[in-house]
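**Student:** Residue numbers (the numbering used here), protein chains in the order written: chain A, 1 to 224; chain B, 225 to 499.
Keep in mind the hints are simulated off the structure, nothing from the lab.
Remember, it's a predicted structure, so these values are computed and weren't measured experimentally.
Wrong hints could be hidden among the right ones.
Stated by the list, open to error - With a straight-line cut-off of 25 Å between C-alpha atoms, the simulated BS3-like cross-links for lysine-lysine are:
#1 A:191 to B:463
#2 A:92 to A:22
#3 A:92 to B:342
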Amino acid sequence: MDLELMANSFPKLLNAAVITLKLLSASLVIGLFVGLFFAILRLNKNIFLNKFAYGYSYVFRGTPLLVQIFIIYFGLGQIEYLRSTFLWVILKEPYWCAIIAFALNTGAYTSEILRSAFQTIKPGIVEAGRSLGISNKIIFYKIQIPIAIRQSLPAYGNEIILMMKGTSLASTVTIMDLTGVAKYIISTTFKPIEVFIVAGGIYLFMTFIIHNVIKFLEKKYSFN
Amino acid sequence: MNTFKKIIFTVLVSLLLAGSANAGKIKIGTEGAYPPWNSKDASGKLIGFEVELAWTLCRYIGEQCEIVEQDWDGMIPALIMRKFDAIMAGMSITAERQKAISFSQGYADEVASLAVMKGSSLEGMDTPAGINLTKPNAAAKKALKTLTAALAGKTVCVQTATIHQNFLDSGDVGKVNVRTYKTQDEVNLDLASGRCDAALAAAVAFSDYAEKSGKPVVLVGPTFSGGAFGNGVGVGIRKDDTELLNAFNKAIDKARKNGDISRIATKWFGFDASM
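All chains should be built: construct the whole structure from the sequences, respecting the hints.
**Tutor:** Laid out in structure tokens, this is it:
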């Protein structure tokens, strides 16, 4: 064990963890909107909208994240027509390609989490609101959404942690995130065990924080 | 002993025997993704200059060999962790790598070059045909200055953990935006897509790609050798494995004397890259 190497690589890896967190937060924010949008489509009675949303979540949950990143980064980069459009300004950057892939992926899972949360709301609660003469809009915002958020917290917390670990795939498209920098240090020191232990420790610490924040929120919004 | 225990016992014993059956073989690790040094044919079989040379060297050593595949970025760690006994993967002999492993004498050498897509602003740089960085002369220093000016703010793509990455990191051509990839294939893809302004690798890696893909990839600037680019390509071997190191050195001597290295190199590179 090369403890000196571990100590030396720690600050570099900590810096790289900031990139990981940036990727994670950008993907989660975009993914939450995408997920909410598709969850509402899934609850719609229109069969086309419903199937379209189902197809999206089926494709993105049914293929590996690595394949999705490669299709967006290397795949779209091969289409010559695309390179002459304004889209290329975004797709040229590995950072944006990774965020698009992560957001679409987490969006698919989030839409399923939110859909099932909405579906667990007992009809009696909505009916109770209606019987009091509350409008449908207010029932949706003041009753259904808060209950759905509470219901989806444990599953969504899991999704955040899975996504955080998923961001390590950004290193495959040249992004210097936590895993990318770890690989870079290994490429000059040839000591993978030491460096990956430190990187793994940082990932574990981030999981610890996310886990506890979610636990706190669960308690705060519990019905009791 | 009941039947269950017997089954477990038999499986364990056969695993041990299977493991020891391979113990006599020299295992050689290669990447299989860096043509023409080493690559794979359509059926997934390892081919290339080093694959053919490895079989030849094994014949001279007089031992059974097995060639195994390993991703480039884990090559040296895998050797140290005894996944195989020798590296033949277009790996240049550099001082940095010699801190971790030993190298046999070099068996081939070949220059590095920058490549761009046809029509790039980097075409037509006024530099000598080739520069040696071990003791750079005035012309080489001037060429590095020209390159520094031309590459300022440009994105240059390389495969990770290579001499090409080391060279760009060394600051000899100023602060360029270096992007690293797991394989040379991915570097080629992003050079063609326009994400990279230029790429740096073995010159033959680019000409091989241009020929096979039909993409207008052109070499620009001088060819590089010496310095960060090391002193030829050799067999990488664990530091404590001096016996195997000697065996490979002797085998390379014999193969060179008999003209095998030149013959195989000419077959795969189109020119004699042996040394």
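**Student:** Compare the structure with each hint and give your call.
**Tutor:** Do the hints match the structure? See the list:
{"no.": "1", "hint": "A:191 to B:463", "result": "holds, 15 Å"}
{"no.": "2", "hint": "A:92 to A:22", "result": "holds, 19 Å"}
{"no.": "3", "hint": "A:92 to B:342", "result": "holds, 19 Å"}
Every hint from the earlier list agrees with this structure, and none is contradicted.
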